[in-house]
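2 protein chains.
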Amino acid sequence: MPSKQREIHLANRPEGLPSKEDFEFVELDMPSPEENQVLVRTLYLSVDPYMRGRMRDTKSYIAPFPLNKALIGGAVAEVVESRSELFKPGDVVTGYMKWAEYSVVKGEKIRKVDTSIAAVTAYLGILGMTGLTAYFGLLDIGKPQAGETVVVSGAAGAVGSAVGQIAKIKGTKVVGIAGSDEKIDFLINELGFDHAVNYKKDSFQDNLKAALPDGVDVYFDNVGGEVSDAVINLLNKNARIPLCGAISSYNKEEDIGPRIQPALIKTSSLIQGYTVGNYAAEFEKGSADMAKWLQEGKLKFEETIVEGFDNTPDAFIGLFEGANIGKMLVKVADPEFY
Amino acid sequence: MPSKQREIHLANRPEGLPSKEDFEFVELDMPSPEENQVLVRTLYLSVDPYMRGRMRDTKSYIAPFPLNKALIGGAVAEVVESRSELFKPGDVVTGYMKWAEYSVVKGEKIRKVDTSIAAVTAYLGILGMTGLTAYFGLLDIGKPQAGETVVVSGAAGAVGSAVGQIAKIKGTKVVGIAGSDEKIDFLINELGFDHAVNYKKDSFQDNLKAALPDGVDVYFDNVGGEVSDAVINLLNKNARIPLCGAISSYNKEEDIGPRIQPALIKTSSLIQGYTVGNYAAEFEKGSADMAKWLQEGKLKFEETIVEGFDNTPDAFIGLFEGANIGKMLVKVADPEFY
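Protein chains in written order, with the UniProt record's numbering: chain E, 1 to 338; chain L, 1 to 338.
Rather than coming from a laboratory, the hints here were simulated on the basis of the structure. Warning: the hint list may mix true and false statements.
Copies of the same chain look alike in the list, so a pair counts if it works inside one copy or between any two.
In the DSSO-like style, the derived pairs of lysine-lysine whose C-alpha atoms are separated by at most 30 Å in a straight line are [stated by the list, open to error]:
hint	residue 1	residue 2
1	Lys112	Lys59
2	Lys4	Lys201
3	Lys200	Lys266
4	Lys109	Lys266
5	Lys237	Lys143
6	Lys20	Lys285
7	Lys168	Lys88
8	Lys109	Lys237
9	Lys112	Lys209
10	Lys292	Lys170
11	Lys298	Lys112
12	Lys200	Lys4
13	Lys4	Lys285
14	Lys266	Lys69
15	Lys106	Lys237
16	Lys331	Lys170
17	Lys168	Lys266
18	Lys200	Lys59
19	Lys170	Lys266
20	Lys237	Lys69
21	Lys170	Lys109
22	Lys200	Lys292
23	Lys59	Lys209
24	Lys252	Lys209
25	Lys331	Lys201
26	Lys88	Lys266
Chain E on its own, in the form it takes in the complex (with noise of 0.2 Å):
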């Protein structure tokens, strides 16, 4: 095991789009694990944009990340020193950890990963907190019903793929928006979407229409912005839209446009935002739930792989140009013990 290991801190709050200036590599000495807590070697980082938001430093639901210290997000690391009873050397395990190559965690704070059920990245994605951001919001809020027509923004995405593929399985008709002709053909010949329509065309409002001669029942959110107005004017009576994200307006300062006030009188329609962290009290009948419809092969999932530590930042900073299908990831280590 070396002396030293990397962390990646945040170096200034980043105006508009992040770049890797805002970022910086600092070597410090191996940590060592206090009574309860566990040494890990990451081996995978998840970059995710709701960490963007943290990145301001204004009042949201989480606290935003201090300058100067290791940012922390989703993580698959392998204990390579265990001060706590519930772990040993070689547990794979998941949780909120530090981007750093090797970090200490508090036992109660991971969990192991059963790769009995599928490969262990799959905990950062379609069997985590992305799968569960998916479950909770098309389900408790969008509350699809089959037959309807559901919308998905950011449908290539980590979340936006797994929340077509979960209104899939409850019988309700599919339409995906996404950025490139690459993720339009992934949606519906990988995915099984019923139509995907690619946002960055001239056509996209005319050919957003045609795919919906329905209209809109449910419409999942996870990029805001025009996208979104050209999808609240299709709205059905009643329809529902969780409001997952809003990526388009992460870098900016301000974001103007339609206010959507008189289309949501128009259709009654409800609008609802919420973080995955309001269903911690149910993370366990939709982990279960989403564990078997992946074992069922109802789930498939996609995941964009940046290999090394040293390509964090560009990860993170890919989020934002449409760089990845499915869930994005970094690459840090492989495992040594398992």
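Based on the hints, put chain L in the right spot on chain E.
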């Protein structure tokens, strides 16, 4: 009984704020009731902001008004001649009727008013659709809990003033937003609101923030636009926004402002459009509660009564200029029989 009577027809689809030229007074022969119909003489007409939406030729929850036909709205009238076994001459009834001095209506579409509970005009306001609009939006969507803070826009209007009083009955702190010092005084000193803020003052945003040290748990929105932008910046976690109206936008072809999705995500807040018709199955319970509270002295109501059928278009236009405190009505005639 005269042999002629007048109706007000929609002559043009208004652009922007309606003008008198958009309305045409048409003299017609006195109509005769057929089997199961009654001939009524209009006593009071209700003018309501939602009617502006029906003057537009676009899809909404309710069909557009046709051109060159009588407008239709809430009314109180006196039965002159009855071919329905449900009514006899002299009965005072309420329902949706033509903007006309006399009209023929189906017996099953109207109901008698109980003048022992309140004056007949109350059935166009606090005991009618207006009161039920306040009741269901606030209670079913807003779900106010004792000790929470409820903000109401358009607070001195017919719906808003009922909302604030129901919110007080439910034990919340109530802050109203209105557009004149006279209205602010009315809200605080007549209706018992905890605070009220004048949105036409330059210091509106600061005053609003000062009135809301504990943030906003429920925002009952009648107006939309910049007033709502300001409130949405102050939402607490899990806030609820019953979206009843957007009067600030009704005369605009385009309504642009800051997108609200990021604020809803940050706070896990809900916004839901509705119309009172969604709750038709529960009208009986709502009406009973409202009548009980009125009789107990827990609800007060104010009316702005414009005299004379000729002034109906002015009364309607005045809604968009903040001319009313409480319910805006037109007195068309005195009853003859009761």
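Okay, the hints, checked on the actual structure:
In the homo-oligomer, the alpha carbons of Lys112 and Lys59 never lie at most 30 Å apart, since the shortest distance is 32 Å inside one protomer and 54 Å across protomers. In this assembly of identical chains, Lys4 and Lys201 lie within 30 Å of each other by CA distance neither inside one copy nor across copies; the values are 49 Å within and 60 Å between. Taking the shortest Cα distances, Lys200 and Lys266 sit within 30 Å of each other both inside one copy (28 Å) and across copies (27 Å). Taking identical chains as interchangeable, the C-alpha atoms of Lys109 and Lys266 lie at most 30 Å apart only when they sit on different chains, with a minimum of 24 Å there against 46 Å within one chain.
Both within a single protomer and between protomers do Lys237 and Lys143 lie at most 30 Å apart by alpha-carbon distance, with minima of 14 Å and 22 Å respectively. For the identical chains of this complex, Lys20 and Lys285 are neighbours neither inside a copy (39 Å) nor across copies (61 Å), given an alpha-carbon limit of 30 Å. In the homo-oligomer, the alpha carbons of Lys168 and Lys88 never lie at most 30 Å apart, since the shortest distance is 40 Å inside one protomer and 58 Å across protomers. Only between protomers do Lys109 and Lys237 lie at most 30 Å apart by alpha-carbon distance; the minimum there is 25 Å, versus 43 Å within a single protomer.
With identical chains, the CA atoms of Lys112 and Lys209 are never at most 30 Å apart, being 46 Å at best within one copy and 46 Å at best between copies. Taking identical chains as interchangeable, the C-alpha atoms of Lys292 and Lys170 lie at most 30 Å apart only when both belong to the same chain, with a minimum of 14 Å there against 45 Å between chains. For the homomeric pair Lys298 and Lys112, the shortest alpha-carbon distance inside one copy (24 Å) is at most 30 Å, but the shortest distance between copies (58 Å) is not. Proximity of Lys200 to Lys4 under the C-alpha cut-off of 30 Å is found in neither arrangement, the shortest distances being 45 Å within a copy and 62 Å between copies.
Taking the shortest alpha-carbon separations for Lys4 and Lys285, neither the intra-copy value of 41 Å nor the inter-copy value of 70 Å comes in at or below 30 Å. In this assembly of identical chains, the alpha carbons of Lys266 and Lys69 lie at most 30 Å apart only when taken from different copies (23 Å versus 48 Å within one copy). In this homomeric assembly, Lys106 and Lys237 come within 30 Å of each other (Cα to Cα) only across copies, at 28 Å, whereas the closest approach inside a single copy is 48 Å. Taking the shortest Cα distances, Lys331 and Lys170 never come within 30 Å of each other, neither inside one copy (34 Å) nor across copies (54 Å).
For the identical chains of this complex, Lys168 and Lys266 are neighbours both inside a copy (28 Å) and across copies (29 Å), given an alpha-carbon limit of 30 Å. In the homo-oligomer, the alpha carbons of Lys200 and Lys59 lie at most 30 Å apart only across protomers (28 Å), although the nearest pairing inside one protomer, at 32 Å, exceeds that limit. In this homomeric assembly, Lys170 and Lys266 come within 30 Å of each other (Cα to Cα) both inside a single copy, at 27 Å, and across copies, at 28 Å. Proximity of Lys237 to Lys69 under the C-alpha cut-off of 30 Å is restricted to the inter-copy arrangement: shortest distance 27 Å between copies versus 48 Å within a copy.
Proximity of Lys170 to Lys109 under the C-alpha cut-off of 30 Å is found in neither arrangement, the shortest distances being 33 Å within a copy and 41 Å between copies. In this homomeric assembly, Lys200 and Lys292 never come within 30 Å of each other (Cα to Cα): the closest approach is 35 Å inside a single copy and 57 Å across copies. Taking CA atoms no more than 30 Å apart as the test, Lys59 paired with Lys209 passes between copies only; the shortest distance there is 15 Å, against 37 Å inside one copy. For a Cα distance limit of 30 Å, the shortest separation of Lys252 from Lys209 qualifies both inside one copy, at 28 Å, and across copies, at 24 Å.
With identical chains, the CA atoms of Lys331 and Lys201 are never at most 30 Å apart, being 33 Å at best within one copy and 56 Å at best between copies. Taking the shortest Cα distances, Lys88 and Lys266 never come within 30 Å of each other, neither inside one copy (58 Å) nor across copies (38 Å).
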